[in-house]
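Let's have the full structure, built from the sequences with the hints guiding it.
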Amino acid sequence: GAVVSQHPSRVICKSGTSVKIECRSLDFQATTMFWYRQFPKQSLMLMATSNEGSKATYEQGVEKDKFLINHASLTLSTLTVTSAHPEDSSFYICSARVLAADYNEQFFGPGTRLTVL
Amino acid sequence: DQQVKQNSPSLSVQEGRISILNCDYTNSMFDYFLWYKKYPAEGPTFLISISSIKDKNEDGRFTVFLNKSAKHLSLHIVPSQPGDSAVYFCAATSALYGGATNKLIFGTGTLLAVQP
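Line order of the protein sequences matches chains A and B. The first sequence begins at 1 in our numbering and counts up by one. The second sequence begins at 1001 in our numbering and counts up by one.
These aren't lab readings, by the way, just hints derived from the structure by calculation. Being a predicted model, the structure only gives us computed values, none of them experimental. C-beta: ideal position from N, C-alpha, C; glycine also. Possibly wrong hints are sitting among the right ones.
To be clear about the criterion: a stretch of chain A counts as covered by chain B if any three or more of its residues have a C-beta under 8 Å from a C-beta of chain B, and this derived list gives those stretches [said to hold, decoys possible]:
1) 17-28
2) 76-85
Here are the computed distance ranges between Cβ atoms for each label pair [what the hints assert, rightly or not]:
3) Q1002(B) x K66(A): 18 to 26 Å
4) P1009(B) x A72(A): 34 to 42 Å
5) T17(A) x H1076(B): 45 to 53 Å
6) P40(A) x N1067(B): 24 to 32 Å
7) A1095(B) x L117(A): 42 to 50 Å
8) Q1014(B) x N70(A): 44 to 52 Å
9) S1012(B) x Q42(A): 18 to 26 Å
10) L1011(B) x E63(A): 30 to 38 Å
11) Q1014(B) x S83(A): 48 to 56 Å
12) P8(A) x Q1081(B): 27 to 35 Å
13) L26(A) x Q1081(B): 42 to 50 Å
14) N1057(B) x V3(A): 21 to 29 Å
15) Q29(A) x I1053(B): 29 to 37 Å
Residues of chain B placed beyond 10 Å of chain A at every Cβ, according to the derived structure [unchecked claim]:
16) Q1002
17) V1004
18) N1007
19) E1058
20) S1074
21) P1082
22) L1096
23) P1116
This is the structure we're talking about:
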């Protein structure tokens, strides 16, 4: 299957700082990328859908000004957690899919563990 | 509101026996269901899927059953192998979720441990 990478895999930051997480599709072009968040023992919750060259679509309850998403190219989407607070500590996973592919053509990255002190 | 539920947080099975993982959903608009497998520190990987027009889909050792009237699906792994030990997520989606974007709604996962 296609490979999706995330960087960094783990980040620890102080409260009030901003953290950028990168999601790259390594061997295919992804017109759509998704950002998920997973709290311990909970399901992956979709935060936003990112389409190349346009604004991201955020799920209800997700603050767009706090979680900035940029999908500037067909292989890269970034999630910036602005003014991070301890409650933002979570596991963030991106996925990427190819336009017009089947439902199962959504490839996930390995995730980024964010810890805000 | 948890639309996709996996009520068993963990399951332990002997190698060679059958593993049955269950998933329930509440939204009758879901028309496609998927199972993902996840190892620690890795992203989920697709395992098998089923459309709502079917009640069974089989791929090697993995079979997914769908009972639409009960809003229930299950994943059967037989025979189970130690390498199958992982967290298994079921997910659901609907053609109503924006067409090509295919938003996935995930369950909470079941940790499967296959004992040698």
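How does the coverage statement for the stretch 76-85 of chain A fare against chain B, requiring three or more residues with Cβ below 8 Å from a Cβ of that chain? Three-residue rule not met by the stretch 76-85 of chain A, so violated; n is 0.
Given the hint of 44 to 52 Å, check if Q1014(B) and N70(A) actually sit that far apart at their C-beta atoms.
For N70(A) against Q1014(B), whose Cβ atoms are near 49 Å apart, the range 44 to 52 Å holds.
Does Q1002(B) sit more than 10 Å from chain A, CB to CB? Violated, because the least Cβ-Cβ distance between Q1002(B) and chain A comes to about 7 Å, which does not exceed 10 Å.
* Can the suggested window of 42 to 50 Å be confirmed for the beta-carbon pair L26(A) and Q1081(B)? -> violated (29 Å)
Is the claim that V1004(B) lies outside the interface with chain A correct, judged by CB distances over 10 Å?
violated (7 Å)
Using the beta carbons of N1057(B) and V3(A), state whether their distance is inside 21 to 29 Å or not. At 26 Å between Cβs, range holds.
Inset, instruction - Examine each Cβ of chain A, and state whether all of them lie more than 10 Å from the Cβ of N1007(B). - result: holds (13 Å)
- State, for the Cβ atoms of L1011(B) and E63(A), whether the hinted interval 30 to 38 Å holds or is violated. holds (36 Å)
So the hint says 42 to 50 Å: do the beta-carbon atoms of A1095(B) and L117(A) match that?
holds (43 Å)
*asked:* At 10 Å, judged by beta carbons, does L1096(B) keep clear of chain A as stated?
replied: holds (13 Å)
(Q) Tell me if the beta carbons of P40(A) and N1067(B) are separated by a distance inside 24 to 32 Å. (A) holds (30 Å)
Practice item. Could you tell me whether the CB distance from T17(A) to H1076(B) stays inside 45 to 53 Å? Key: holds (47 Å)
In this structure, the hints that do not hold are numbers 1, 2, 13, 16, 17, in rising order.
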